[in-house]
Amino acid sequence: MSYQRIYRVVDRIPPGRVATYGQVAALAGLPGHARQVGYALHALPESSRLPWHRVVNAKGEISLRSMPGAELVQQQRLAREGVHLQPNGRIPLEQVRWKPGARVRARRLTR
DNA sequence: GCAATGACGCTCT
DNA sequence: CAGAGCGCCATTG
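Residue 981 is where the first sequence starts when you use our numbering, and the numbers rise one by one after that.
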């Protein structure tokens, strides 16, 4: 259960921001183990309070999982935090990508 | 223990 | 920019 390491990183993702699997893996000290991150989240119990919905793939897209429709749940959760999908069905990573350590400078007038 | 599979990522075409 | 190929590792049959 080295998953604990991954879960801890995911728990650090602030609301309104998203991280990629690879990013989480690297932060967890497991560079290149993006798949394992996805595997860990897959095994995550539904009752978990972990913000797993803030984790997307490198394309900024919500990865499809075994159960169809579940991705819509993630999409809805993200929207609730202000992260909306673009017309192409992807998330503007450049804007919502979580930069660990980087201070939220002036929360730009992006909005 | 070997082979197949999977919430992925990077590189090349 | 999109699609195909290869890599990486833990879990499962």
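Possibly wrong hints are sitting among the right ones.
Derived CB-CB ranges, DEER-like [unchecked claim]: (1) L1024 x R1060: 15 to 21 Å; (2) Q984 x N1068: 22 to 28 Å; (3) P1080 x R1057: 16 to 22 Å; (4) S1028 x A1059: 25 to 31 Å; (5) E1061 x L1024: 31 to 37 Å; (6) R985 x K1039: 20 to 26 Å; (7) P1048 x Q984: 18 to 24 Å; (8) G1009 x A1038: 28 to 34 Å; (9) G1069 x G1009: 18 to 24 Å; (10) P1025 x G1049: 16 to 22 Å; (11) Y983 x A1050: 28 to 34 Å; (12) G1049 x G1081: 34 to 40 Å; (13) G1062 x D991: 35 to 41 Å.
I should point out that these hints are in silico values taken from the structure, not numbers from a laboratory.
No residue lacks a Cβ here, since even glycine has one placed at the ideal position from N, Cα and C.
**Asked** Any hints this thing doesn't respect? Which numbers, in order?
**Response** The structure breaks hints 2, 4, 5, 7, 8, 9, 11 and 13; every other hint is satisfied.
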